[in-house]
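Here is how the chains run, residue by residue.
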Amino acid sequence: MALAQSGNMSLPQSVTAGSAFSIPTTGSGDGVLYIVGPGQALRRDVHVGQAAAFPAGVLYNAGHYLAILTVGTSTDTGEFDVTPTALPEALGFLAKPSRLPVGLHNGISGAVYVFDAYRNLITTPMPVSFELSNSSATAQARTVTTRNGLAWAEMDSATKEGAAKFVARVAGVSSTRVIDEVPGDPCGIKISAQPDGGKLQVETAPVRDCGGNSIPDGTIVTFTETFNDTQSTVDVPLKQGVARVDMPAYKGAKISVALGVVAGNEIRWEGGR
Amino acid sequence: MIGRLIAMACALTIPVAGLVAQQTPSIRVEPAQLQGSRPVEKQTETAVIRDYLQSWKSLETALDQNQAALLDSNFVGTARDKLANTIEEQANLGIHTHYRDRAHDLQIVFYSPEGLSIQLIDTVEYEEQVLDRDKVLATKTVRKRYLAVLTPSEVRWRVRIFQAEAE
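Residue numbers (the numbering used here), protein chains in the order written: chain A, 1 to 273; chain B, 274 to 440.
Treat the hints with care, since some could be wrong.
Straight-line C-alpha distance at most 16 angstroms; calculated EDC-like pairs for lysine to aspartate or glutamate [as the list claims (entries may be wrong)]:
{"#": "1", "chain 1": "A", "residue 1": "96", "chain 2": "B", "residue 2": "387"}
{"#": "2", "chain 1": "B", "residue 1": "413", "chain 2": "B", "residue 2": "333"}
{"#": "3", "chain 1": "B", "residue 1": "413", "chain 2": "A", "residue 2": "270"}
{"#": "4", "chain 1": "B", "residue 1": "417", "chain 2": "A", "residue 2": "79"}
{"#": "5", "chain 1": "A", "residue 1": "160", "chain 2": "A", "residue 2": "185"}
{"#": "6", "chain 1": "A", "residue 1": "254", "chain 2": "A", "residue 2": "229"}
{"#": "7", "chain 1": "A", "residue 1": "254", "chain 2": "A", "residue 2": "270"}
{"#": "8", "chain 1": "B", "residue 1": "413", "chain 2": "A", "residue 2": "217"}
{"#": "9", "chain 1": "A", "residue 1": "251", "chain 2": "A", "residue 2": "235"}
{"#": "10", "chain 1": "A", "residue 1": "96", "chain 2": "A", "residue 2": "185"}
{"#": "11", "chain 1": "B", "residue 1": "417", "chain 2": "A", "residue 2": "180"}
{"#": "12", "chain 1": "A", "residue 1": "251", "chain 2": "A", "residue 2": "266"}
{"#": "13", "chain 1": "A", "residue 1": "165", "chain 2": "A", "residue 2": "185"}
Hints listed in this document are in silico derivations from the structure and should not be mistaken for laboratory results. For clarity, every value in this text was computed on a predicted model and none was experimentally measured.
Make a model of the complete structure from these sequences and hints.
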């Protein structure tokens, strides 16, 4: 450990967080040594001429510190740094969003801050591996080297729905976030109609997104019937991927369907009643 | 290096309880050099720098008066916990510390794509004065490079990570 003379003290240029160190002093008499910075404040009674010993685990917050040795009316002041340990112990993993549609390019992002055992940000560059895996899709992986203690990555959402695990890993320390990948907009929506007495049974084909994922039950499908300049609309939730509705069977009526911004086919009923 | 000198007078005159009149530090803001994919809008940059500089005022008052509660509006998480711990240690030792920031040279280096965190580097010059009750033990002018990570809260950006780097 390199020491720098500061009056009656020999200070280290830097100390690794949580490690034992000592500050040799010269002279004689009893004094008080203060170590003060925004991260910690310590005080030791010292016999000047001997080294002030600081056991492991005493000074552990990374940052800049003043060392002040007072002996009677005289004061010596010096400064030194406490650096983070090199061993990651915890990750701050910010991932967004927690839920998104399938098939989105760079739709998922994660930023990782790497900390040591004392919650100091480790600023030495180190590789972080990001992995996004979904049981029904090929895992995506990236390795990014930290800069200023952080690494970030963007990932595509899978083409198949399901819960995906987004894992960040550094030197054996990992953190996981679960991302819910849900079906996207329907790729198309198609209806057919069957007469049933004086009514028409109108029904969609199973509604899926472009990756073949079923649109969730409860999603509202809107049926619209236009006849003689009057229009009636019915909202129906999907049940088991299909929406059904009974509508009046007017000869010449037009029936159309839509789900969100996606419009389906149109039927013109010529059967009449 | 093309720097922009930004007058932050309005940000620096925000009143802090118990804060005595102080000289306004000089502020220099370097153009952002982002490693993220998301650009920082001017409005966001102004807000982040305003809140970060305000956090220094909060830190200075809290460590001078040994009142951790004064940190609450500007610090959160690890940064808040560590500073509050220092305040407790100072109070136990019967000392307090008077910090005064004189100059900041700031640069935003990361804005996360989802907008949940922003990182800046501040080469700051400040005066640190350690007092045992009213007796000045030492005064030192320090110039250090600080890394700060801020996260958004309801009404402001708060400092979550605050750490000086070794030379």
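Hints not upheld, ascending by number
3, 8, 9, 10, 11 and 13
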